[in-house]
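**Q** Sequence:
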Amino acid sequence: MSTSNGMGSLHTVSSSIHQTSDLTHPSTTSTSTKRDFLKTQLRVGSAMGDKVNYSLSQKVFHSGDVPREVLEAKKLVQKKKQRTILGTERAEWNQSTIADARHKDVSKDLKRQLLKVRAGLMDEYVQKPSKFHAEDAIRDRQKFVVSITGKGPVGKLSGKWFNSVDERGLPKHCDEAWPDWNASSSTYTKDDRKEVEESFCAFEERRIRSNTSKVTGRYVHPMQSTQFISAQQRETKLEFHELKQQFKRDLKAEFPTASEERLQAMAQRLLDDKLLQDEKLARFPVQEGHFRPNLTLTSQDRRYKVHEHTGTWAWSEAEQCHCWTCCMNFSEDSRGCEHRVVNPDAWSLAGFERYHAGKGL
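What the sequence shown shows, in the UniProt record's numbering, is residues 1 to 361, in sequence order.
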């Protein structure tokens, strides 16, 4: 018997030994019948064997000995062999999340469709003839669809092809004399490379022309300036090395339990504070200076005083002569008794007409 579950060879050994003994007296041994013992029989059935020495009706394998995946595979094969043509069985759950109507369902319920056909629900709906549209209206509608969707072919409805870029007129200029806009975003074509080289040459020529009028002797390369700053810092460290060691010794006496790293940090901080104080003294010699700028040293003050009399030049009966009524000055060309400050740089709040009217223009 051949098997398909891959369990290998199965050895079934059936042996039955029946031994009989005479329970009678030894004198009656002649009357007893002697029976032969049964011999052990070995029955073997295998998928790889070519002989079967037992009947097919005998049960060889138990249902619990067959693996679960083998049973499932067998059921699947039997189900594939006996397919449900009418679709009466319950279909599997569709895990797809596509909601597009253009994707048709693979599984069809043929029984329900047959019932609909018999009921007349699957008959084709006859549409009434639509109203006749002019060719211009149809062409405008097609252009509108192309401009909105951005898709060139609209042959799904009209059987014609349109270039969406040309119809929308984005890169095409309305004037033929003007060049059209290049809508390409590629930078690897030959024309693009040629255009890049031409623009680079034009920029280089412009740069050379603009640099001829400038002084190039004062230009310092960034690497040279960086090396110069590094050299200055190195010289500063060597110059104030003794001072830093003195700070370190004083701090060691003040903080005997401090570590070497902490002493180095405190000495460096004191040295930096000292260098900043020296630079401040060099830039600002006056100690009581403040950050508010003194504009009197840099700006020009154009204010001036105008003297005038508040009274009038009239005859005085008491003095019997002409004099100013405000200060009793007897000189008509004398300096005024009061003055006012005129600032020509101040904002003029008067209007244009009042400003010139006040100046007598």
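Just to be clear, a hint being listed does not mean it is correct.
[Claimed, not checked] Across the chosen pairs, the derived CB separations fall in these ranges: (1) Ala-231 / Glu-279: 38 to 46 Å; (2) Asp-123 / Ala-183: 44 to 52 Å; (3) Glu-195 / Asp-272: 33 to 41 Å; (4) Gln-113 / Lys-80: 35 to 43 Å; (5) Leu-76 / His-103: 41 to 49 Å; (6) Gln-277 / Leu-297: 23 to 31 Å; (7) Gln-227 / Asp-191: 28 to 36 Å; (8) Lys-280 / Gln-232: 12 to 20 Å; (9) Lys-143 / Arg-102: 21 to 29 Å; (10) Asp-123 / Thr-189: 54 to 62 Å; (11) Lys-81 / Glu-124: 49 to 57 Å; (12) Thr-189 / Pro-222: 31 to 39 Å; (13) Glu-254 / Gln-300: 34 to 42 Å.
[Unchecked claim] The calculated lysine to aspartate or glutamate pairs, modelled on EDC-like cross-linking and capped at a C-alpha distance of 20 Å, are: (14) Lys-252 / Asp-272; (15) Lys-75 / Asp-65; (16) Lys-79 / Glu-89; (17) Lys-79 / Glu-92; (18) Lys-244 / Glu-204; (19) Lys-248 / Asp-272; (20) Lys-244 / Asp-272; (21) Lys-194 / Asp-180; (22) Lys-244 / Glu-260; (23) Lys-244 / Glu-261; (24) Lys-194 / Glu-176; (25) Lys-305 / Asp-333; (26) Lys-108 / Asp-123; (27) Lys-75 / Asp-100; (28) Lys-111 / Asp-140; (29) Lys-237 / Glu-254; (30) Lys-248 / Glu-261; (31) Lys-81 / Glu-92; (32) Lys-79 / Asp-109; (33) Lys-274 / Glu-242; (34) Lys-79 / Glu-69; (35) Lys-274 / Asp-333; (36) Lys-111 / Asp-123; (37) Lys-214 / Glu-198; (38) Lys-248 / Asp-273; (39) Lys-214 / Glu-195; (40) Lys-143 / Glu-124.
The hints are simulated quantities; they were obtained by calculation from the structure and are not laboratory data. Every residue, glycine too, gets a C-beta built ideally from N, C-alpha and C.
**Q** Where does the structure disagree with the numbered hints, that is, which hint numbers, in rising order?
**A** Checked against the structure, the hints that fail are numbers 1, 3, 4, 5, 7, 11, 13, 18, 24, 27, 28, 29, 35, 37, 39, 40, while the rest are satisfied.
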